[in-house]
Amino acid sequence: MFWRLLWKLLRGSSGRLVVAILALVSGGLVVSALLNLEFDIERKLTQEFRMLGANLVISPGRDAQMPGVAPPALMNERDAFAAIQNMKDPAVVAAVPFLYIVERGGGTPVVVVGTKMEDLPKLEPSWRIEGQWSSSRDNQIPCVVGRNVAQQLRLAVNNPLDLTYLGKSARVTVTGILDTGGAEDNQIFMQLPEVQSLAGFPGEIGLVQLSVRGATKAISDYAARLGTALPAYEVRPIRQVTEAEGDLLNRIRLLIVSMVLLILALTALCVLATMAALAMERRHDVGLMKALGGSIARIVALFMAEVGVLGAAGGFVGSILGIELSRWMGQRVFGTAISARWEIFPLTVALMVAVALAGALPLRLLGKVKPAVIFRGE
Amino acid sequence: MFGRLVRESFVRNPRRKVLVAAALVVGMAVATSTLTIALEVGDRLAREFRSLGANLSVTPQADTLPIEIGGVDYRPVNEGAYLSETDLGKLKTIFWRHNILGFTPFLDVPGYLGETESQITLVGTWYEHEVPVPDGTTFKTGLSLTHPWWKIQGRWFRDGADECVVGAALAAKYPTTMAVGKTIAVGPKEISSYVRPLLVTGIVSTGDAEDSAVLVPLFVAQAVSNHPVQFRQLFVSALTKPADTFSERDPLKMTPTEYDRWFCSPYISSISFQIRTVLPGTDVRAIRRVADTEGRILSRLGTLLWIVTLAALGAAALAVAATAATTVLERRAEIGVMKALGATNFLIAGIFLAEQLLLAVAGGAIGFVVGAALARILGSSVFGTPASPRLILLPVVLGLAAIVAFLGSVIPLQRASHFDPAPILRGE
Chain A
1 MFWRLLWKLL RGSSGRLVVA ILALVSGGLV VSALLNLEFD IERKLTQEFR
51 MLGANLVISP GRDAQMPGVA PPALMNERDA FAAIQNMKDP AVVAAVPFLY
101 IVERGGGTPV VVVGTKMEDL PKLEPSWRIE GQWSSSRDNQ IPCVVGRNVA
151 QQLRLAVNNP LDLTYLGKSA RVTVTGILDT GGAEDNQIFM QLPEVQSLAG
201 FPGEIGLVQL SVRGATKAIS DYAARLGTAL PAYEVRPIRQ VTEAEGDLLN
251 RIRLLIVSMV LLILALTALC VLATMAALAM ERRHDVGLMK ALGGSIARIV
301 ALFMAEVGVL GAAGGFVGSI LGIELSRWMG QRVFGTAISA RWEIFPLTVA
351 LMVAVALAGA LPLRLLGKVK PAVIFRGE
Chain B
379 MFGRLVRESF VRNPRRKVLV AAALVVGMAV ATSTLTIALE VGDRLAREFR
429 SLGANLSVTP QADTLPIEIG GVDYRPVNEG AYLSETDLGK LKTIFWRHNI
479 LGFTPFLDVP GYLGETESQI TLVGTWYEHE VPVPDGTTFK TGLSLTHPWW
529 KIQGRWFRDG ADECVVGAAL AAKYPTTMAV GKTIAVGPKE ISSYVRPLLV
579 TGIVSTGDAE DSAVLVPLFV AQAVSNHPVQ FRQLFVSALT KPADTFSERD
629 PLKMTPTEYD RWFCSPYISS ISFQIRTVLP GTDVRAIRRV ADTEGRILSR
679 LGTLLWIVTL AALGAAALAV AATAATTVLE RRAEIGVMKA LGATNFLIAG
729 IFLAEQLLLA VAGGAIGFVV GAALARILGS SVFGTPASPR LILLPVVLGL
779 AAIVAFLGSV IPLQRASHFD PAPILRGE
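Chains as they are written, first to last, in my numbering: chain A, 1 to 378; chain B, 379 to 806.
Calculated lysine-lysine pairs in the DSBU-like style (CA-CA distance at most 30 Å, straight line):
hint, chain 1, residue 1, chain 2, residue 2
1, A, Lys168, A, Lys116
2, B, Lys619, A, Lys122
3, A, Lys122, A, Lys217
4, B, Lys395, A, Lys370
5, A, Lys88, A, Lys122
6, A, Lys44, B, Lys619
7, A, Lys122, B, Lys529
8, A, Lys217, B, Lys551
9, B, Lys395, A, Lys368
10, B, Lys470, B, Lys529
11, B, Lys551, B, Lys567
12, B, Lys518, B, Lys468
13, B, Lys518, B, Lys560
14, B, Lys529, A, Lys217
15, B, Lys619, B, Lys631
16, B, Lys631, B, Lys468
17, B, Lys468, B, Lys619
18, A, Lys122, A, Lys44
19, B, Lys631, B, Lys470
20, B, Lys529, A, Lys44
21, A, Lys217, A, Lys88
22, A, Lys370, A, Lys290
23, A, Lys88, A, Lys116
24, B, Lys529, B, Lys551
Just a few of them, taken from the derived set where beta-carbon distance is under 8 Å, the chain B residues facing chain A:
hint, residue
25, Val404
26, Ile415
27, Ile445
28, Leu696
29, Ser759
Derived coverage of chain A by chain B (criterion: at least 3 residues anywhere in the stretch with Cβ under 8 Å from a Cβ of chain B; other residues may be distant):
hint, stretch
30, 50-56
31, 143-155
32, 331-340
Bear in mind the hints are in silico, worked out from the structure with no lab data behind them.
C-beta: ideal position from N, C-alpha, C; glycine also.
Turn these sequences into a full structure, and let the hints guide you.
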């Protein structure tokens with residue numbers, strides 16, 4: 001009986017209910033899109049912040065002398081990388097070894113950096129290179145020079161360059177010119193094995209720089225775990241901008257949540273308007289039900305069920321559309337789609353049902369309807 | 379007659395009007411606050427991002443190559459070019475002077491530490507230094523603005539005192555001699571007789587090379603290295619607009635109009651160009667790591683917030699239109715009476731639209747005020763300072779309210795024009 005009445009009521013005033021459901025769907029759409037965004041924004045933002053470059057450094061112990069002042073302290077390349085690989089952490093974007101030597105062959109001392117050149121763009125996405133990191137020809141030893149080095153030594157791409165270190169020398173070819181705006185503009189980058197053989201430190205490196213994705217806590221946790229795996233070396237986070245990152249994230253989240261609340265309030269108001277009009281229209285029905293002995297609670301329950309169905313339907317359709325919207329937003333803004341979270345469905349549906357019920361609260365006024373007055377046609 | 383009909387409708391059944399007006403107020407409040415925040419958010423976020431630190435670096439043009447490893451310059455003191463401290467006030471005279479939030483000069487000096495008999499690096503810099511600006515004012519700047527993430531235990535040195543701050547790694551290495559409150563003696567070289575006693579006031583952790591150095595006021599480093607009023611590198615923190623394809627173009631190849639537009643936009647390229655003009659003989663570089671990250675995230679968040687704002691506006695518009703539609707639908711009986719009495723569809727539409735328009739203006743105006751207040755609260759809770767209301771949004775919001783109320787009424791009115799009065803009046 002209850003369900004049949006409900007069905008009849010829903011069908012009876014379909015035109016009117018379309019308006020309410022439209023508001024509920026649009027509210028649900030925006031709310032679910034924003035909630036989906038809110039869940040994913042941390043991952044997206046921390047990913048964006050990786051553009052800042054390395055945020056973790058493994059270096060030979062704390063007692064190490066600064067390079068250049070005394071013979072540099074070194075660490076074993078294989079040990080360090082075995083530890084990183086054993087951890088198998090997917091958050092590690094890049095781990096790159098560095099070995100610094102100061103070459104004094106050409107009169108001007110220059111810092112020469114041995115590294116894994118093919119991994120540098122992953123570690124430091126903001127660096128710009130004119131030319132390439134590697135050479136297309138096998139018989140050349142490629143090197144990339146910083147902007148200032150190129151200016152000072154008058155080097156251009158494809159020029160040869162002679163490097164001398166402690167009596168050993170090597171002829172390398174400039175394959176690219178690097179622009180970073182930092183100290184790297186004054187350095188020459190080469191493949192690690194070349195610098196190791198030039199310096200006479202086979203298998204040794206000066207430090208490892210890592211770019212690790214995640215919030216401040218995740219990064220320091222990872223650093224601590226790596227530190228226990230490599231007791232001989234020092235692992236420390238660098239560039240503590242992660243605080244700024246967290247702060248920014250909180251602000252954006254607060255903004256999103258407040259927008260969600262505003263839209264929920266607005267949707268509730270729209271439902272209220274529709275329901276108030278419906279109640280007016282159905283005074284006769286209510287009067288009849290009352291005259292036939294229906295209790296107020298039952299009549300109101302009928303209306304509430306009607307509104308609940310509307311809310312659920314609006315929330316369901318809205319959340320499907322909203323997730324589509326957030327996918328599109330992710331694609332448009334961050335270049336990768338924001339993955340749908342299943343929690344969004346029940347959350348949005350629940351929110352929309354709650355909002356619809358809140359909007360239907362004035363229906364309690366129906367309790368005041370007096371059948372006699374209604375039937376007299378007043 | 380027309381005016382009376384409209385007035386009567388407001389007086390006779392205020393409940394319906396209150397509902398539409400309430401929907402309009404809330405909807406327009408949402409519109410106002412989201413638009414206010416969206417307009418302001420770019421600027422706010424750009425300021426937030428300055429906590430990433432300096433985004434421009436200024437070095438002497440005719441310099442030798444710095445032997446810089448891990449952030450410390452190992453060049454001998456006599457080598458390379460220097461910049462003069464006296465010109466720095468000019469930075470606050472460029473076109474975008476208000477966007478220069480702070481700058482800090484650095485002078486790295488290889489030094490000798492008497493107590494531990496070891497070589498160290500002295501980093502001369504400012505913490506909070508008053509710089510005289512050519513227009514007669516002073517500008518307070520230093521590490522507190524350009525390197526805000528450096529953490530200090532104890533307190534920073536005063537810029538005019540013989541004090542110093544020790545890097546965390548160095549302090550951990552010499553826990554007895556390098557503690558807060560102790561006095562250390564630094565000199566330029568082992569054999570030199572010149573030593574300067576400095577009071578340790580704090581221990582700094584920077585997460586960078588300065589952790590194994592001693593930070594001293596700039597004038598101390600200048601005295602130790604015998605390079606008065608000079609420094610090697612300047613870090614500038616400037617508020618910039620994200621770079622786009624236009625800003626990347628070569629200013630020399632622009633037309634005069636394009637050049638003016640470029641010069642008058644706070645792009646990092648135009649700000650560095652302006653710095654180069656007031657500090658001749660320097661090389662001004664964007665620190666890509668910071669500048670590019672900032673630019674990219676800012677432009678992405680900007681797009682994101684605009685999409686969110688538009689979605690919120692859409693939802694608000696739909697809700698208001700739906701409410702307006704409901705109240706028109708509700709009055710079918712009234713429409714029937716009017717028609718039966720000979721009113722044309724045109725007149726009925728006119729009466730209803732005039733009512734909605736009145737409501738839209740009133741609701742929109744109240745909504746604007748509520749929205750401005752809401753934006754203030756939101757602004758202060760999200761960004762710490764309230765977002766100032768923008769009067770330019772008032773006509774936008776009023777127009778939006780009118781359009782939404784209008785569109786919401788048009789569809790039911792169109793349906794009403796097909797009504798046959800008889801069944802409606804019969805109550806069917």
